[in-house]
Each structure stands twice: as C-alpha cells, then as structure tokens.
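For the record, the sequence lines run as chains A and B. The first sequence maps to residues 1 to 272 in the numbering used here. The second sequence maps to residues 1 to 187 in the numbering used here.
Because the hints were derived from the structure by calculation, they are not lab data. Accuracy of the hints is not assured; some may be wrong.
Computed list of lysine-lysine pairs in BS3-like fashion (alpha-carbon distance at most 30 Å, straight line) [said to hold, decoys possible]: (1) B:K27 / A:K242; (2) B:K110 / A:K44; (3) A:K242 / A:K54; (4) A:K99 / A:K242; (5) A:K242 / B:K110; (6) A:K168 / A:K242; (7) A:K54 / B:K151; (8) A:K44 / B:K109.
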Amino acid sequence: MTLLQATGISSAMFLGTIAMLFLTIALIVFIIFHQRRVIRYQLKMQQMEAEQQKLLLRASIKLQEEERQRIAADLHDDAGPLLATARLYLSENMVNLDKATQLQSIFNAKQIIDETIQLIRNISHSLMPPTLKNFGLESAVNDFFQKINGSGTLNVNCRFHDYKIRLKPEKELLVFRVIQELINNILKHSNASFIHLTQHNGDENMLIRLHHDGRGLTHEDFIKMSQSNIGLGLKNIQSRLKVIQGDILFEQDASESFYKATIDIPKDREER
Amino acid sequence: MIRVILLLVLIGFFIDTISVYLYTHGKNSSGWTNTFTLIETLFISYFFRTILHSAFAKKLVAFLALGASIIWGILFLQKGNTSYLELCINIEFIIILLLSICYFYEQIKKPDSPFIYIQPRFWVVVGYLLYSAGTFFLFLYLSSLNKDDQKKYFILNSIFLIVKTIFLSIAVIMKKQKSVPQKFQLH
Chain A
1 MTLLQATGIS SAMFLGTIAM LFLTIALIVF IIFHQRRVIR YQLKMQQMEA EQQKLLLRAS
61 IKLQEEERQR IAADLHDDAG PLLATARLYL SENMVNLDKA TQLQSIFNAK QIIDETIQLI
121 RNISHSLMPP TLKNFGLESA VNDFFQKING SGTLNVNCRF HDYKIRLKPE KELLVFRVIQ
181 ELINNILKHS NASFIHLTQH NGDENMLIRL HHDGRGLTHE DFIKMSQSNI GLGLKNIQSR
241 LKVIQGDILF EQDASESFYK ATIDIPKDRE ER
Chain B
1 MIRVILLLVL IGFFIDTISV YLYTHGKNSS GWTNTFTLIE TLFISYFFRT ILHSAFAKKL
61 VAFLALGASI IWGILFLQKG NTSYLELCIN IEFIIILLLS ICYFYEQIKK PDSPFIYIQP
121 RFWVVVGYLL YSAGTFFLFL YLSSLNKDDQ KKYFILNSIF LIVKTIFLSI AVIMKKQKSV
181 PQKFQLH
C-alpha cells in the first residue's frame, strides 16, 4: 500500500467517524428536545381542556340553580298563595254555618285547587314534557314548534326524515333541551323570520340541522364564546352534548343568507 | 431486558479477556471475536425486539437477525478462524443504527414515558448507537490498513468501547421508574 493510499484511507476513516458521531449526537439531542417540546404542548392542551371542563361544569351548575330557582319561584309565588286562599275558604266554613255560603266557599276552594293542580302540572311539564315522554322527540319538537308558530311572529317548521326507532328517553330529553336552547337563542338574538329543522338518520348517528335566516354564529364564534365566561346557553348545549358524546357544528350557508347548526348524535346499538 | 444487556457485557468481557490472553501468547483470537459478533448481533436484535412496539419493526428485527446470521454462517465457513469478519461487524452496526432510528421514531410518535432519558433502555440504545457510529468506519477500512496502522487505530475501538460501557452502566444502575406523576401522564 502506498503512503498516499494510506493517508487517503486514514482521512476517510477520520472524516467518516466524525460525521457519523456528529449525526448520532445530533439525532439524540433532537429526540430529547423534541420530546420535551411535545410534552410541554400536551400539558398545555391538558390544562386548556381542564379549563374548558371547569367552564362547562360551572355552566351546568348555574343552569341547575336557575332551574331550581324558577321552580321555587313558581311554587312560592303561584301555588303558595292559591293553596293559602283555598285554606282560607275552607276555614271560613268552620266559622260560617250558613249552608249557601258554605257551598259557595267549597266551590271557590275547589276551583282554586283545580287551578293549583293545573299550575303544578305545568311546572311538571316544563321539567319533562309529556309529549316527549309518551310520543317521542318528533312529536315533542312538533308540539314545541306549534306553540312558537301560534305567536305568529315567525315561521317555524320541522321535518323528520326517518325516526322510526326512538333514541333512549334520557337521550331524547337532552337532544330536546339542546333544540330548545338553540331555538331560544335564535328567537332572542337572531331576528330571524323562519326556522327550519330537519332530521337525518345515519347508520351510526343521527343528524339534526337547524336553518334560520337571521344573525347567527359561525363555529369560530361558538368556540370563542364557549371558552369565555359569556354564553351560558352555549356551554349548556356543549355539556349536554358531551353527556351523549354528541357534537355540534355552527356554519354559514355558502350563499351567506342562512346560518346552520348541525347536531350530531351518536346512536347506541339498540337505537340503530 | 437490562439483564440481557448485562449478560452480553459479561460475555463480551469474558471473550475480550480470552482474546487478549491469546493475542499476548501469539495465538489467533479471531474465532472468539467472530463468535462474539454473532452472539452480540442476536442479543441486540432480541433487545430491540423487546423495546420496539410495532409489528413491522418486530418483523424487521427478526428478518435482519436472520439475514445477519446467514451471512455470518457463510463467511465463517469461508474464512473460519483465520481472520476477523469485518463485514459481519459492519452489518451488526448497520442493524443497530437502523433499529435505533426505529426506536427513536416510535418514541417520538408514542412516548413510553414523559422523558425518554428516564428509561434504562434509552441509555443502552445511546451506548450502542455511539459505539456503532464511532467505530463503523474503523471496521469498514480495517482490512485496508496494514498491521501497524490497525494497532494505531484500534485504540479508537477501545475509546468507544469505554463510552459504550459507561452508558450501559448508567442503564444498569438506573432505578426502575415506579410511577409517573399524574400531571405528566400522557393520554
């Protein structure tokens, strides 16, 4: 072997070794730093998710409190005085021995008790609509929409394409509440002249879509509002959908004349 | 798994001692060294097979180990105990480099623990990776060098052998991770 060849081999060996070592060390350093960065990112995501959970929980508790306050107010302000009046009429019977007056008092007390029964029924219906319980989501939505149409201010209609197999009762109630919340939001904020609801059945999920021609939300607005402290109703929608592992998408029509909200409801095996 | 590596280090130490003894007594030690190359290749393949998760990687390990063994068998039959099988050593290094990249890739995609360096296996991989990278070109050109140059450059092998042993020692003495704090657990 000549000296030149030996020098060539030596330098190739030296350079090759240096290059290999450099690459190896760079690879190890890259792996360590990359992993640390990924972990930092994942921790941040976890924190954000926890924050979001907290907001949802707070919204859900607030909703429950509001519901309780409303029921308490209904019972205290309406049922309480009615029952007190009925008691008064009945007490009068003990004092007044005149037959005709007694009959009149009993009749008045009966009327007031009937009124109270009706009132308590209304409170009960607002907690769990009987149509929903007995006839399902389609009838309950129809019923709800008829009431809104009755006001004559806007045109509301719905179409269920295929709802032969009902969802589980608790799921139906949650979906109904979400629809109610969305409709309430449209009525309050959008200034829409019509609302159209459609239901589509898939193999593994059910889609419910609401169209309206008023001012609406895009999905970015929805995410922004549900991450902030405002938009309690939207957080309630989110927390209700989370229970049934559903999802919602807010979007604007391509023509920019309608807003859409699409609810995705995954179906259980027995609902398919 | 670490026991496998520990066993390999002990076998290496035993074979190195015999080789040095034979060398100082003017005898040929290549038979022992060549046998150790095969043992090391198989042990390392087994080690990577246990630390890699994907089915493809496991199949690749088996395929590479089988391929390396066949090549070693052929070359050993041809050369026997007369000379070192540098090609087999280089094949072993290529296997280590390839499987180390597979391991790092898997750890990037789905880490086993929040910090890669708290696992003993990471230090084993780093040790072998540095040793392979540092001595790859040495063994590649070893046969082209004359006896004096071989001795001169063989010190490089000893340096990287020490580096590798240090990393393997870190892996062996590392305490086994009991549990990862909740806040660092990945989903």
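query = Is the straight-line distance between the alpha-carbon of A:K54 and that of B:K151 30 Å or less?
reply = Given pair A:K54, B:K151 is violated - Cα atoms ~69 Å apart, limit 30 Å.
ask   = Within a Cα-Cα threshold of 30 Å, do A:K168 and A:K242 meet the stated pairing?
value = Holds. A:K168 to A:K242 sits at ~16 Å (cutoff 30 Å).
ask   = Given the hint that A:K44 pairs with B:K109, does the C-alpha gap stay at or below 30 Å?
value = Between A:K44 and B:K109 the Cα gap is close to 18 Å, so the pair holds against 30 Å.
task = Would you mind confirming whether the straight-line C-alpha gap from B:K110 to A:K44 stays at or under 30 Å?
result = holds, 18 Å
message = Need the status of pair A:K242, B:K110: alpha-carbon distance at most 30 Å?
response = Within the cut-off at roughly 27 Å; holds.
query = Is it true that the CA of A:K99 sits at most 30 Å from the CA of A:K242?
reply = violated, 62 Å
query = Taken at face value, is the distance from the CA of A:K54 to the CA of A:K242 at most 30 Å?
reply = holds, 13 Å
ask   = Does B:K27 pair with A:K242 here, judged by a C-alpha cut-off of 30 Å?
value = violated, 77 Å
Checked against the numbered hints given earlier, the structure breaks hints 1, 4, 7 and satisfies all the rest.
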